[in-house]
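Those protein sequences? They're chains A and B, same order as listed. Per numbering that gives the first Met the number 0, residue 0 is the first one in the first sequence, and the count goes up by one each step. Per numbering that gives the first Met the number 0, residue 0 is the first one in the second sequence, and the count goes up by one each step.
If you're looking for bench data, these hints aren't it; they were derived computationally from the structure. The reader is advised that the hints may include incorrect statements.
[As the list claims (entries may be wrong)] Derived DMTMM-like pairs (lysine to aspartate or glutamate); straight-line CA-CA distance at most 20 Å:
hint, chain 1, residue 1, chain 2, residue 2
1, A, K249, B, D69
2, A, K249, A, D80
3, A, K249, B, D23
[To be verified] A short, non-exhaustive set of chain A residues, derived as facing chain B with CB atoms under 7 Å:
hint, residue
4, V88
5, K243
6, R247
In this text, all values refer to a predicted model and were calculated from it rather than measured experimentally. Idealized CB from N, CA, C, for every residue including glycine.
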Amino acid sequence: MTLRTQLRASWGLIALNGIIPVKRMPLYLVNTLGAPFSFLFFIYIVSQGRSVGYGVAGGLVLTTFSIGTSLQADMTHFRVDLKLQDMVVASPMRAWTYVLGMALSELAFAVPGIVAFLVVGYLTEAPGVLALPVILGTLLLIWALGCSIGFFLATYLRDIRETFAISPLISLVLSVLPPVYYPITAIPGGYQILGYLAPTADASLLIQGALGIAPPGLTAIDWLRAGAILVGFTVAFILLALFKAQWREK
Amino acid sequence: MPSAIAARGLTKEYKGSHGRRALDRVSLDVDRGEIFGLIGRNGAGKTTFLRIAGTQLLPTSGRIEVLGHDAVAHPNAVRDLVAVIPQESRPFFYATPFEHVYYYLRLRGVPSSEARRRSLETLDRLGLTKVKDLVLWKQSGGLRRRVLVAMVLASGAELLFLDEPTTGLDPLARRDVWTAVEEAAKEGRTILLTTHYLEEAQLLSQRIAILNEGKLLALGTLDELVGRVRWPFRVALTGRGFALEELATFGESAAIGDSQLVFTDQGGAEDLTRLALARGVRAVAGPVTLEDLFIQLVGGSVDEESEPTEEADA
Ligand SMILES: Nc1ncnc2c1ncn2[C@@H]1O[C@H](COP(=O)(O)OP(=O)(O)O)[C@@H](O)[C@H]1O
Ligand SMILES: [Mg+2]
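Construct the complete structure from the given sequences, taking the supplied hints into account.
Structure below.
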């Protein structure tokens, strides 16, 4: 198949794994909105309405990153339980088209949440003109990062239940502990560098900046570091997924 | 023209299997345009062979060419030409038969209108027109299986791998699948079929290979396989008109329920039938079936699991 046919082929997956299930089981949507919005609600109550922006930034990052988690669960299910990955491997569709199609199909579940957070963000904060491109660019990187990690893991896991063990761990390390939902300056000075190490925290920081609620006193170096680490992780995991995922079993 | 599949010394040792070979130096050729049946007990290595040929699994050693392409070194060249139904695969519970076939063709790069036409045609061929727009969560397991068959048959791929495609189907649905598979073969496509139903392998395949514990035990047309066994004829006797010792002089015999089954040679079959007529015992004589052959060659029923000879871990 030509590059164009491959790209068009990925639309089949968007229909099969995105549009059709959302249409037949709209309850899925509630599920994906639930977690990030409960965080926002929590932050709203605790800060008495003052730190909503952090909840928005964190919610955007978490909703987008969790696309990769759903991708991992779906792909593991397709490979292990339904054996549908075998059908795709032995077909003209290539691994990267499969991942792209699956990653796009998962957007069907996440886009409503992302839009909702953006609306809340624009209503409660004062984002600048450049905010939207910065936010969307950041989310694009987080999406690619999450999906690369998800695909890579999904080709190795032996059972869907291993997903249930790994996903909370990833979520703890990348969503809960690092400064995704709170300002990086809340971490004592010497340890802030640890916060920058989590690509999700860097993404959140960039979005906080776009929303105009970044902690004061960050230098240009801090911003560059955040961007560089986010891009670096994303590229590294895309390469890992491209070259080390187990498309054909050994 | 090269064979559809050419395997030479194909060997697979799964990681952590302590030297046990799922496939052990298997060499065989599948001709273009034939339906080739691969049979053997559970764990014989059928699925392993299919998954290596279909580029889903790497062999440990040996060579395999599929439609003239090295399946190990150039998997993508193979992937453009094949379609598979994996063993125990299941469709999505929330989509309809039509959506499955149509989108599977789209994934394979078939343009929309062509995909629609082929989907409807194939669903019709498999007797699924009436249910094509029903969501699968309300449908039987047999229907789900047929949807997968429709997907690969509609693909138009040159070589189809069907790993136990009719498991769980009722006899009528199974016949629909057989007809569709035969039509695909008539269109010039090659089909590699594994099955648990030996009458299915016998009915559909031009040639049959028997795998046992990873090794190729026998290969050929049914007649060729019959020529390899000691007792190429079977006589089924109703009732207990003969003593077992008497039957033993003709060949191998067994009492099954209310009747007796004797495997023998041609002369034995003739003599025994004449004798049965004289005694007023109902006798049905003929060449052995694939199942009889299988039992004679493998020495066990196809439904039994071949025990993995596991060494105790020290
Ligand atoms: N992924 C695997 N890892 C380890 N051993 C396997 C794996 N898949 C199959 N086997 C072993 O390889 C042998 C052949 O299996 P298989 O090819 O599935 O047989 P069949 O399809 O004839 O029933 C069996 O002993 C099975 O236990
Ligand atoms: Mg099998």
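We went through each hint and held it up to the structure:
no.: 1; hint: K249/A to D69/B; in the structure: 17 Å, holds
no.: 2; hint: K249/A to D80/A; in the structure: 19 Å, holds
no.: 3; hint: K249/A to D23/B; in the structure: 17 Å, holds
no.: 4; hint: V88; in the structure: 5 Å, holds
no.: 5; hint: K243; in the structure: 15 Å, violated
no.: 6; hint: R247; in the structure: 6 Å, holds
This entry does not satisfy hint 5, going by the numbered hints stated previously; all others are met.
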